[in-house]
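S.K.: Okay, here's what each chain looks like letter by letter:
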Amino acid sequence: MKYKSTLFRYSGYVFLLPYMALFCAFLVVPLCYGLVLSFFDWEMISPFPPKFIGLGNYGEALTSPYFWKALWATIRFVIMIVPSVVLGALLIALLINNVPQKQESFFRAAYFFPTIISISVAGILWRWFYNTEFGLFNSYLQNLGIRVHWLSEMKWAMKSIVLMTLWWTIGGAMVVLLAGLKQIPDQYYEAAAIDGANAIHRFFYITLPLLRPVLLFVIVMSIIGSFQVFGQTFMITRGGPELSTRVLVQYIYETAFSNYRMGYGAAMSWLLFLVIAVFSLIQFRLIKER
Amino acid sequence: MQPPGNIKSAFKTSLRILLCAFLLVGCELGPSRKITVRFWNGFTGPDGRTMLKIVKRFNRENPDIRVLMQRMDWGTYYNKLFVAGIGNRAPEVFIIHAGNIERFMQANFIRTIDDLVAGENGMDTRDFSENIWNAVEKNGRHYGLPLDVHIIGMYYNRALFRKAGIVDEKGEPKPPETREEFLKALSKLTKDVNGDGQNDTWGFVLTWYWTNLYSLMCQWEGKFFTPDNDKCLLNSPENVEALQFCVDLIRKYKYSPPPENFDSWIGFRQGKVGIAFEGIYMLADLERQKDLDFAGAPMPVLGKVPAAWADSHILCLKTGLEDKKLDAAWRFMKYLSDNSLDWAEGGQVPVRSSLRNTERFRNMKIQWEFAKQIPYIRYVPRVPFIFEYGQEFNVGVEKALRGTLSPKQALDEAAENVNKIIERRNKMIEENLKRRP
Chain A
19 MKYKSTLFRY SGYVFLLPYM ALFCAFLVVP LCYGLVLSFF DWEMISPFPP KFIGLGNYGE
79 ALTSPYFWKA LWATIRFVIM IVPSVVLGAL LIALLINNVP QKQESFFRAA YFFPTIISIS
139 VAGILWRWFY NTEFGLFNSY LQNLGIRVHW LSEMKWAMKS IVLMTLWWTI GGAMVVLLAG
199 LKQIPDQYYE AAAIDGANAI HRFFYITLPL LRPVLLFVIV MSIIGSFQVF GQTFMITRGG
259 PELSTRVLVQ YIYETAFSNY RMGYGAAMSW LLFLVIAVFS LIQFRLIKER
Chain B
11 MQPPGNIKSA FKTSLRILLC AFLLVGCELG PSRKITVRFW NGFTGPDGRT MLKIVKRFNR
71 ENPDIRVLMQ RMDWGTYYNK LFVAGIGNRA PEVFIIHAGN IERFMQANFI RTIDDLVAGE
131 NGMDTRDFSE NIWNAVEKNG RHYGLPLDVH IIGMYYNRAL FRKAGIVDEK GEPKPPETRE
191 EFLKALSKLT KDVNGDGQND TWGFVLTWYW TNLYSLMCQW EGKFFTPDND KCLLNSPENV
251 EALQFCVDLI RKYKYSPPPE NFDSWIGFRQ GKVGIAFEGI YMLADLERQK DLDFAGAPMP
311 VLGKVPAAWA DSHILCLKTG LEDKKLDAAW RFMKYLSDNS LDWAEGGQVP VRSSLRNTER
371 FRNMKIQWEF AKQIPYIRYV PRVPFIFEYG QEFNVGVEKA LRGTLSPKQA LDEAAENVNK
431 IIERRNKMIE ENLKRRP
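Chains as they are written, first to last, in my numbering: chain A, 19 to 308; chain B, 11 to 447.
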């Protein structure tokens, strides 16, 4: 069918307009502005105007130990959190998929619930959980004679952040995976059962291959989100001890809004963007392969 | 399907709400034409309730002015204030800490108050202690009205002191005044009661490194910057010695728990620690702990000279106010200063000596004790890169206390990093001056 009126043909764009306007005003414009800013040396509260320094800010970041330390903290977080979230969410989704319909919505809601809590509330909550003296975890562990210094010891601090994030984000990933599981037609399983496949066979030869696109989607989103981690570390450890949990976004935030070095902050944001873009491209390649 | 009656009543209700809203707006814009003064601060704790009471009283007593107070967390307060200032939307009156004043001067956000102080509704500046009044001065002009001075001091647990036998002739707990007395008290206070090889009570904990170590370094007569702020001297031998003393309290004498596994302030509140140095503003927090028998005293002299960290909340005026607003804002600032004893009640020390020499202030026992240190209080160095400096300072001290680096190495590293910041800034300033004709 052909649309005769041009007005009708372009009416879709009119409906798109309100969102596009906001999208441009709050995302595209600041993004481009940030890119321009990243080539300038500008201290917001100094009496001097911005000065063009080319790639100077990028050079400073790549030679700054603080930048690498923050990037390494971020990568450590990503390495720990992404597999835990994906595997954990998959396990929970499989379990929930097998409970009767009536109870399913209850479990789904229960696991999803933490995700709707705002990060500031969740952060304060978990800071109390982790309190060495009268926190929830240590009060249970006390019965076993164990005392863990969740946030003040270097070997524990990042793991504590990961544990909290797991609780906070696993529900979102689980809901997506569960929806993916529901898409797999029952006939496949029935046919496999007739052919004598056991549960493990069914999982590896039916569920996993058919879940692959959804799984990859979850992994990609989880990696992108994890590189941008900020709220948890900012609320719970403020980057301590000895800056071991100061992630890149927190360093950018401090550079731009506590030290007011706008250009340098913008340059580091673009470096973070590049890191995320590279990872995302690799993964989208993987998705396309089949 | 919804019965039509419901829709009708919903419609009516929304009309009523709308009407009320209009009426309220009408009240706000009423014939009184009050002058609005916005007042921002970071008093989100119990101090905020005290301040709100004073503000409400001011609004009652001054019907022509309406002060709107907005509180936000100190952690993000300055970011918001700066952004508001850059957009010229800063509130008429706002609080900043004395340590941050340099950056605000540099950004040209605050109005000097010398003309107002000398004006007809002025005040006698001799009432301020000189060192406090100087904290807001630059090139002979004053950039704000100090509201209070919050000093660090010694809090001690009276019950633990009695148990350890650290008492005077009358049997009252006796706070230490010198290094010998301090170390002796700590050795008596640090105890393993149940004999499991772990201390159940500790003599001392460091709380906030920024204030604790700064005070001690000042006591050791350490320097932090060259007079022209061109070089950081944080790694001077005196500062290293002061930090070494603290490391020894933890590692050598074992009077103080290692920082990686102790919640210092909470430990003191729980009665597990004999002595802690903290600001007067923590008083309200301790008073909530009903089962804690504590008292306050000036910091003991652990180094060579008495010294104690202090900071002030400074009442500042936005630049470029029109006369009417300026008059209203100044009246409000003066009112707060005149009534700063009410403010002191919640755990502060007023800056005006006429207010401190009153029976009422004498009865605020801990404030009174801490205020004895005013002659030798020390504000932090006034540098425009105070945040970056503070972070290097804290991380350096943390590394030494945790044993990651030796005190010398840690402070060397911190000083080197601060010097890099100074170099970068000097270069920026130099290049900009060159560009100007």
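Simulated from the structure, these hints should not be mistaken for laboratory data. Honestly, I wouldn't trust all of these hints.
To be verified - With beta-carbon atoms standing in for the labels, derived distance ranges:
id	chain 1	residue 1	chain 2	residue 2	range
1	A	LYS173	B	LYS233	33 to 43 angstroms
2	B	ASP238	A	LYS173	35 to 45 angstroms
3	B	ASP240	A	PHE297	55 to 65 angstroms
All C-beta atoms, glycine included, are put in the ideal place defined by N, C-alpha and C.
S.K.: Please go over all the hints and tell whether each is borne out by the structure.
M.R.: Cross-check of the supplied hints:
no.	hint	result
1	LYS173(A) x LYS233(B): 33 to 43 angstroms	holds (37 angstroms)
2	ASP238(B) x LYS173(A): 35 to 45 angstroms	holds (43 angstroms)
3	ASP240(B) x PHE297(A): 55 to 65 angstroms	violated (44 angstroms)
Of the numbered hints given earlier, the model fails hint 3 alone.
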